[in-house]
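Chemist: Read off the chains here:
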Amino acid sequence: MDIFTDSHSDGTRFTLKGVMSFRDRDAFSVILDAVNQRAGAKVTVDLTALEHVDSFGIGLFLLANEQAVGVGSSLHLLNPQGDVSRIFDLANLDAILSLKQTMPATGATARNSAPPRRIGIDYRHLGKAEDGSPCVGFSGRLVFAEHGHFQEIVENLIANGGPRVVLDLSELEFMDSAGLSMIMIAHEEAEAKQIALVLRNPKGAVAQLLSLSALEFMLEA
Amino acid sequence: MASFPVILFEGGDVPDSLAYRAGKLGAEAYPNVEFLDVAGPRILMAPISCLGAGFAPDFHGFIEYRATDQGCPLTQVMVDAVAAGGLCLSACTASLLACDPVQVFCATVLRLAPSIDAMMVELALAEAVGNAVIHGNLGLKSDLRHSLAGLVEFNGRIAEQLRDPTLAARRVQMTALPYGDNGVEIQVSDDGDGFDVEHELGKPLEVGAKSGRGLALIRKVSTHIEGGRGGRTLVMRFLPAG
Chain A
1 MDIFTDSHSD
11 GTRFTLKGVM
21 SFRDRDAFSV
31 ILDAVNQRAG
41 AKVTVDLTAL
51 EHVDSFGIGL
61 FLLANEQAVG
71 VGSSLHLLNP
81 QGDVSRIFDL
91 ANLDAILSLK
101 QTMPATGATA
111 RNSAPPRRIG
121 IDYRHLGKAE
131 DGSPCVGFSG
141 RLVFAEHGHF
151 QEIVENLIAN
161 GGPRVVLDLS
171 ELEFMDSAGL
181 SMIMIAHEEA
191 EAKQIALVLR
201 NPKGAVAQLL
211 SLSALEFMLE
221 A
Chain B
1 MASFPVILFE
11 GGDVPDSLAY
21 RAGKLGAEAY
31 PNVEFLDVAG
41 PRILMAPISC
51 LGAGFAPDFH
61 GFIEYRATDQ
71 GCPLTQVMVD
81 AVAAGGLCLS
91 ACTASLLACD
101 PVQVFCATVL
111 RLAPSIDAMM
121 VELALAEAVG
131 NAVIHGNLGL
141 KSDLRHSLAG
151 LVEFNGRIAE
161 QLRDPTLAAR
171 RVQMTALPYG
181 DNGVEIQVSD
191 DGDGFDVEHE
201 LGKPLEVGAK
211 SGRGLALIRK
221 VSTHIEGGRG
231 GRTLVMRFLP
241 AG
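Chains as they are written, first to last, in UniProt numbering: chain A, 1 to 221; chain B, 1 to 242.
Think of the hints as simulated: they come from the structure by calculation, not from any bench.
In this text the structure is predicted, and so the values were computed from the model without any measurement.
Hints are supplied without guarantee of correctness; some may be wrong.
One side of the interface only, derived from the structure: several residues of chain A facing chain B at Cβ under 10 Å [stated by the list, open to error]:
hint, residue
1, L62
2, F150
3, V154
4, M175
5, S213
These stretches of chain B come out as covered by chain A in the derived footprint (C-beta under 8 Å, 3 or more residues) [said to hold, decoys possible]:
hint, segment
6, 88–100
7, 121–127
8, 215–229
Note that CB positions come from ideal geometry on N, CA and C, so glycine has one too.
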């Protein structure tokens with residue numbers, strides 16, 4: 001993702017372009033700095049050219065908003081389009097964030113030419129759990145079509161070393177039984193390397209799937 | 001009274017094969033141009049990229065169009081479902097592995113039956129479509145998915161099967177129809193060899209099993225499940241809770 005900055009008399013305006021994911025956490029820090037600058041500061045983020053945002057990206061917007069509220073500055077998001085608009089809708093973010101359309105939103109019509117992007121699985125390190133174990137987080141959707149990416153994810157999980165790795169599922173939106181199988185394989189691969197892989201914080205559909213499958217024992221006690 | 005669907009073809013003149021097939025199945029086909037004044041529920045036939053973020057409010061179906069397809073993918077089941085006030089979606093195996101139309105279809109099904117449990121329907125639909133793609137259209141078994149090494153081999157087999165244009169072009173078709181009191185009936189069909197649904201449902205499932213959970217999960221989250229078309233169609237019904 002690219003970020004362009006523009007300072008106006010009435011505040012700072014950022015323009016985001018491309019795909020925003022967990023990989024952009026560092027780039028996003030300029031927006032966090034801007035909202036934290038002073039009370040009354042107005043920060044506008046133009047999303048017209050943003051093609052996609054994952055759940056981590058949404059988390060960054062929410063964080064920026066929270067910080068703006070804390071400092072007394074304001075954050076305004078402009079013109080989310082296509083996938084981004086849909087994801088904001090699905091997450092009901094209009095209730096929390098200041099979203100404004102100054103041009104018609106695209107992406108909700110049959111003529112829309114944006115490819116139906118799969119909101120696939122993302123993987124990121126979340127630092128250390130309370131007991132010092134490495135903690136990693138899944139976000140997005142873990143379904144049958146993710147088989148191709150999972151080997152790398154399992155290898156990354158195991159590379160954290162033992163004796164315990166915490167897998168945080170709080171940002172995993174959806175998982176099917178093929179996704180569950182992949183987690184079970186990761187669990188077993190870890191076990192073979194004397195690493196206990198424990199699951200934490202499943203939400204919504206993911207928690208329901210674990211419960212329906214009687215696999216709650218895999219969760220952190 | 002049932003209203004005959006109109007197939008709107010994106011990308012120029014309606015191909016002869018579509019015009020012929022639509023006529024045969026009791027539908028009509030037109031190029032998808034703006035301000036077209038046609039009666040009847042609309043189905044868009046277009047490349048998968050046009051599915052975008054979802055069905056437009058005045059569309060009741062989406063059929064992926066691929067110029068390379070041997071036959072016209074329009075089917076009687078889809079025409080009948082849309083004529084009866086339902087929805088349809090058809091996409092090829094390669095597209096279903098590259099993007100996720102299940103989410104889009106599920107969101108549209110909720111338009112049809114807003115009081116059903118969205119989470120349950122999405123889970124059942126994802127399981128059924130996953131089975132249709134992997135076991136049905138690609139003819140792969142799950143026995144490899146028991147270890148990381150097996151998973152790697154399994155991925156290799158998927159890629160290998162997809163290189164066969166006939167298998168990659170096989171379709172998965174989803175339809176949804178209003179059912180009972182605010183419920184919905186969803187059918188997922190594939191072009192594979194079919195399977196014995198009753199037999200599969202009767203198999204005992206170990207808690208620690210790494211595959212074979214899909215049907216059992218669908219049975220848990222749906223009101224009713226049955227097979228059809230020699231095991232190439234799965235029928236699932238959902239009613240609102242309570």
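Chemist: State for each hint whether it applies.
Modeler: Checked hints:
| no. | hint | verdict |
| --- | --- | --- |
| 1 | L62 | 21 Å, violated |
| 2 | F150 | 6 Å, holds |
| 3 | V154 | 6 Å, holds |
| 4 | M175 | 9 Å, holds |
| 5 | S213 | 6 Å, holds |
| 6 | 88–100 | holds (count 5) |
| 7 | 121–127 | holds (count 4) |
| 8 | 215–229 | holds (count 3) |
Checked against the numbered hints above, the structure breaks only hint 1 and satisfies the rest.
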